[in-house]
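Heads up: the sequence lines are chains A and B, in that order.
Taken in order, the first sequence gives residues 1 to 445; the numbers are from the numbering used here.
Taken in order, the second sequence gives residues 1001 to 1246; the numbers are from the numbering used here.
Honestly, the hints are just simulated from the structure, not real lab data.
Hints may be right or wrong, so weigh each one.
[Claimed, not checked] Cβ pair distances, simulated, as ranges:
#, chain 1, residue 1, chain 2, residue 2, range
1, A, E138, B, L1038, 41 to 47 angstroms
2, A, K142, B, A1164, 47 to 53 angstroms
3, B, V1076, A, M359, 57 to 63 angstroms
4, A, T286, B, V1057, 14 to 20 angstroms
5, B, P1049, A, K271, 33 to 39 angstroms
6, B, R1084, A, R132, 35 to 41 angstroms
7, B, G1166, A, T136, 47 to 53 angstroms
8, A, S90, B, R1195, 30 to 36 angstroms
9, A, G428, B, P1049, 55 to 61 angstroms
The structure displayed is predicted, hence computed values, not measured ones.
Using N, Cα and C, we set each Cβ at its ideal position, and we do this for glycine too.
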Amino acid sequence: MTDMLDHLSRRQVLAGSAATLMLGTAGHLVPAWADETCQSPYMPMITGQEEYMYVWTLGVEGVGDASDKMVTVDVRPGSPTYGKVVNSVSVGGRHEAHHAGFTSDRRALWAGGLDTSRIFIFDVASDAGKPRLAKTIETFVKDSGGAVGPHTFYALPGRMIISALSNDRDHGGRTALVEYTDEGTFVATHWIPTKEDPRGAKLVDDFADGYGYDVRALIRKNVMLTSSFTGWSNYMMDFGKMLQDKEAMQRFGGTVVQWDLHTRKPRRVFKVPGAPLEIRFGWGPTSNWAFTSSALTSKLWLIYEDAKGEWQAKEVADIGDPSKIPLPVDISIASDDKTLWVNTFMDGKTRLFDISDPMKPKQVYEKKIAAQVNMVSQSWDGKRVYFTASLLANWDKKGADNEQFIKGYAWDGKELTEKFAIDSFKEGLGRAHLMTFGSSKLYSA
Amino acid sequence: MRRGVTTIGLLAAAFAAAGGVWLTGSGGQRVGRQAFDLAALRALPDQFPRTADFDFVPPEPGSYALPPIKPAASAVLLDHTGVRVDLGSLLKGRISLVSFVYLTCTDVNGCPLAMSLLYEIEHASRTAAPLRVSVQLVTISFDPKRDPPAALAALADPRRAEVAAGHVMDWHFLTGTSEEDLKPLLKGFGQVVDRGTDLGRINHTLRLFLVDASGRIRNIYGLGTMDPRLLMSDIATLLLEQAGAG
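Whole structure, please, built from the sequences with the hints as guidance.
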C-alpha cells in the first residue's frame, strides 16, 4: 500500500494531477495510478502487484465451447494457482474478441467483438477474481449511425469513448469514435475526418482517410490522438488471401489524427503510412509526445508537440528489418518513459527500445517468444511482462506455427525469464488477445 | 489555484480569511432564458489562469456541442435548515454544478479539492453576472449521519445575505435522509461511494456533474478535467445554446 501511495504522489507530480481518483484506505480502494502503463489515466490503477489478469479470448471451433470468453489468470506470486486459469466467462458465440478496457471507476470491463460489433460489459468489482457478464450492448451499429467493429475502450469520467474500425456502408476503414455512458447508453458519434470532410481539421500533409484504430489522450494538454488500421472487409479476410489482393492491400489506414479532447473536434491530420496501430503517451510532466508503430512499414513514429506548441508527426526508428515485414503489433511503454516493448508478429519476437531520447529510439534487447506473438502488457514497475499470441482469427499463422498461448515473464533489466505458460488451445480457451490487470484491493467489498 | 487545506471546514475558513464573504442561499430565483452580452459569456473562461495541470488554450464557448448524457437522477433531500427539497425540481430552470462530498473528508485530492474549485467559481461569480443569474452550485453530502442539516448550515448560513443581495451565485447544501435513501440517487448519477471497514473515511470517485436547465447531465468532470476554464467554457456553451446563439 505504501508503494501505491508513493506512486500516487509521484504520478500526481509527474502527470499534473490528471486522473480520476479513488480515495482509499489501506486494504481497500487504493489511490493508485497505474498497472499496465497503457490504460486511461482517468482510472484508478494498480501500482503494486497485480492479482489477476483478464484475457479477452477468441473462440475457436472445436476448442472448448468454441465461444469468445473473458478468462481470468491468477498472477499472484506464491498462489497455489499462480499462472493458472481460475475463471472463464463465455459470452456465447464468436464475435472476433479483440480489445477491452475498464470504465473510469474501474468497476466494469468493456470488451468488444470486431465482427458482430457486440460489446460485453463485465462486472469486475463484485469479485475481482470472477468477472461476471453484466450487460451486452447489441445495438452499437444502429446507435452510432453506422460505425462497425468497436476496438479501443478508453475511459473518460462517467463515459466510455470507443474507437471503431469500420462502417456498415462499405465495410471499409472509414469509421468513428463513439461515446456511451458508463451504464451503456449511447451518447454521441464523432466521425473521423476525411479529405472530403475534414470537419475543421487541418490536413498537415493534404491527406485524410477517415480510418480508425486506437484512441489515447494526454489530458494535461487537452490532446487526444487516434490511429488507423483497416475495415471489416480486410480484418475478417484470410490473411494470405488478403496479401494477394492488391485492392485490399490499398485499404489500410495511413493517418494519425489530433483531436481536442474536451470538444472531440479534430484539429490536425498527419500522414503516417502503413497502418499506425497502438498509441502510447509518455507519463512525465514534460513528456508531450506519444509513440505509435506502423504495422506494414515497420516504423516507430513520434507524435509530439514542437517548440511552437504545434503537434507534429515524425518517423524516428525502424523496427527490425522493414523489408522483411516483421509486422509490429502491440507496444507497451515503461512508466519512467525510458523503454518501449515492441512485439513483431511475423517473427514472434519482442524488442525493447531505449526511448530516453524519444527522437532517437534504439533497440537494446530482443527475444523470440514463439512462432507468433501479438499483445504485450507490463506491470507498473516493469518487472513483469505478459504476452499473448493471437492477432486476428483469420490472420493468425497456420499449422505448427499457430502457437496459441498466454505467457508471463520476469524482467530484470537484462533478460526476460519465463514464469508461466498456458497453452490456450489445450486449455480449451481459444485465441488469447488483450490482457488487462485486476486486483481485489481496488474494492472494499 | 489549489488551496492547500485538508478539510472543507478549514478550506472555508481559509477562504474567509483571504477576504471571501460567506452568505446564505436565497432560496432560488429562477431565470431560465436570461439574455447576456455574448462577449461576457465568451470571456467566462478568461477569469482563470492557464496552469501546469491544464496547459492548453481552453475551447471557445459555443464552438462545440455538449450532447446530453442522461437525465439527472432525483431524490428528496434535506437542506441546511432541515426542509425537504426535491432535487429534480431544484435542478430545473438553472444550470447546476452538482457535487457529492462528505464534510469530514481529509483527502487533499478528494472533497476539499472539489470544494476549492467551487469556491473559486463562487468567487468568480462576483464579477460574472451570467454565473450569478443562471448558474447554481448544488453540493450533496453522501454521509447523512455525520453531515446532518446543522452541519451544512455552517457552510450555507454565512452566504445567505450576499446571495439574497445578488452579489454571488446561489449554493445549495443538501444531505440525505439516510444512507439507504441516497443509494438510488448516487447510482443514477453514477457516483461511486464505497464504504470500507474504516468508518472514518469513505472511498469515492471525485466527480462534478454539469446539469442543464432542463435537468439533463451535459458533462461529467473527474480530477483530470476539473479545470475551471473548461467548466466556464461549458457553462457559457449551455447559456449560448439557451439563447440560441451557440
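Comparing the hints with the structure gives:
Look at E138 (chain A) against L1038 (chain B): about 44 angstroms separates their beta carbons, and that is inside 41 to 47 angstroms. With their beta carbons about 51 angstroms apart, K142 (chain A) and A1164 (chain B) fall inside the hinted range of 47 to 53 angstroms. A hinted range of 57 to 63 angstroms holds for the C-beta pair V1076 (chain B) and M359 (chain A), which are about 60 angstroms apart. Between T286 (chain A) and V1057 (chain B) the beta carbons are some 18 angstroms apart, a value that agrees with the proposed interval 14 to 20 angstroms.
As the Cβ distance of P1049 (chain B) to K271 (chain A) is approximately 36 angstroms, the hint placing it in 33 to 39 angstroms holds. Checked against the given bound of 35 to 41 angstroms, the beta carbons of R1084 (chain B) and R132 (chain A), roughly 37 angstroms apart, stay inside it. The hint said 47 to 53 angstroms for the Cβ distance between G1166 (chain B) and T136 (chain A), and at roughly 51 angstroms that hint holds. Distance hint for S90 (chain A) and R1195 (chain B): a CB-CB separation of about 33 angstroms, consistent with the stated range 30 to 36 angstroms.
Range check, G428 (chain A) to P1049 (chain B): Cβ separation about 59 angstroms, and the 55 to 61 angstroms hint holds.
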